[in-house]
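Q: My request is simple: use the sequences and hints to build the entire structure.
Chains C and W are the protein sequences, given in the same order. Each residue of the first sequence is one higher than the one before, starting from 193 at the first, in our numbering. Each residue of the second sequence is one higher than the one before, starting from 193 at the first, in our numbering.
The reader is advised that the hints may include incorrect statements.
Same chains, same names: a pair is fine if it fits in one copy or spans any two.
Unchecked claim - Derived lysine to aspartate or glutamate pairs resembling EDC-like cross-links, with alpha carbons at most 20 Å apart:
1) LYS244 / GLU216
2) LYS244 / ASP219
3) LYS233 / ASP341
It should be emphasised that the hints constitute simulated quantities derived from the structure, not laboratory data. These numbers come from a predicted model, not from an experiment.
Take a look at the letters that make up each chain.
2 protein chains.
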Amino acid sequence: MNVMNASPRRKELTRLAAQLFVQEGFDRTTVRMLAQEMGIKSGSLFHHFKDKQEILAAVIEEGTQNALVIARKALDECAEDPEVRLRAMARAHLETLFTDRNAHVVALFEWRRLDPAASAHLSHLRDAYEALWVAVIDDALEAGLIHGDRFLVSRFVLGALNWTVRWYDPNGPRSPDDLADELVAMIMPTSA
Amino acid sequence: MNVMNASPRRKELTRLAAQLFVQEGFDRTTVRMLAQEMGIKSGSLFHHFKDKQEILAAVIEEGTQNALVIARKALDECAEDPEVRLRAMARAHLETLFTDRNAHVVALFEWRRLDPAASAHLSHLRDAYEALWVAVIDDALEAGLIHGDRFLVSRFVLGALNWTVRWYDPNGPRSPDDLADELVAMIMPTSA
DNA sequence: AGAGTAACCAAGCAAGCGCTAGTGTAAACG
DNA sequence: CGTTTACACTAGCGCTTGCTTGGTTACTCT
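A: Pasting the structure below:
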């Protein structure tokens, strides 16, 4: 049992697990399916992960960490104009949503299968990410770019963005950046 | 085996099943748990439903049918003004989402567990519901109330509304109608 | 060369799963 | 009255589940 290990092998296994969790759902994915996808036998799996729960936690942690990194980078790299930052944040959200699609789909739809301990830890990560959003929304509200309740607006925007994983086809004519811009335009009266 | 039966007993069992499916997820909910919740033994369950899949289909059908009924009633009862209709549709959506919350959470998050046959049938119901939305959005676009791509706008709005089941607390200070109005206001430049 | 370790395998256990078969019983119906 | 129907029960079959155990290989480090 390689408890708190971030070996490259484990990273790869986590990636494969994410894919299977999306295809089948966490509960329907058996350790035997996971092992086969990884080219090993089911028993060997438990050398890398303490139990099945830990695999789920690893998948979700990966995705959320990446989201944080990408969002922070995007905000660092752009000007201080609220509109630019809002657009950058929306773009960053969709970027991570579709480059780490599997991990995020798992994070969004299998969250409840986490045990309380893992859930608590990952909630903090998620909160840190949402805090970035609320800050950007606050600036946009203060600048008069958008209107409404800060809490509601951020929930609505995040909901609209997260829901894209249910219908958006990356091979279609529209790019993720395109999508992000349309969403921002939709809630900004000035750009009619 | 009471195949195509809409007995009141079956209705009640479907309601209880929806609750359990939300609490535990479809896969984790065993027929024994369902039976216990219903006050019978696990074997007796299969007198009312052909198999576990059929329970899931019944739950989802219930919710979607109700959504259709409520939305149609809401549209029938209001004037032809596009803004009024848009607001009515948003209100109707949240109304059904929180009066039949369990059924809708199951419909939204356990959809993939349906077998192909049931999925095909229920997809038609879902499409009929979405068609109502697209029509309302189209009218609002034509009237210049909102702007953007008809397809994207309806997806974004539905996403924002559906996502409310993840964070909205019905016991909080805001009513569902309140929420719906805020969402409509957010995307309507004129009501700033 | 010898020790340590990471990665794997074969085999299988105990528990739990969806579902079936056969039966009992009370009310409804001809 | 006898028969049917609706609904529940007991018992358990056949299978799959997550996970453990005990051992083997291959590589690294001293």
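Q: None of the hints should be skipped; say for each whether it holds.
A: Okay, the hints, checked on the actual structure:
For the identical chains of this complex, LYS244 and GLU216 are neighbours both inside a copy (15 Å) and across copies (17 Å), given an alpha-carbon limit of 20 Å. In this assembly of identical chains, the alpha carbons of LYS244 and ASP219 lie at most 20 Å apart whether taken from the same copy (10 Å) or from different copies (15 Å). When the C-alpha separation of LYS233 and ASP341 is checked against a cutoff of 20 Å, the pair qualifies neither within a copy, at 53 Å, nor between copies, at 50 Å.
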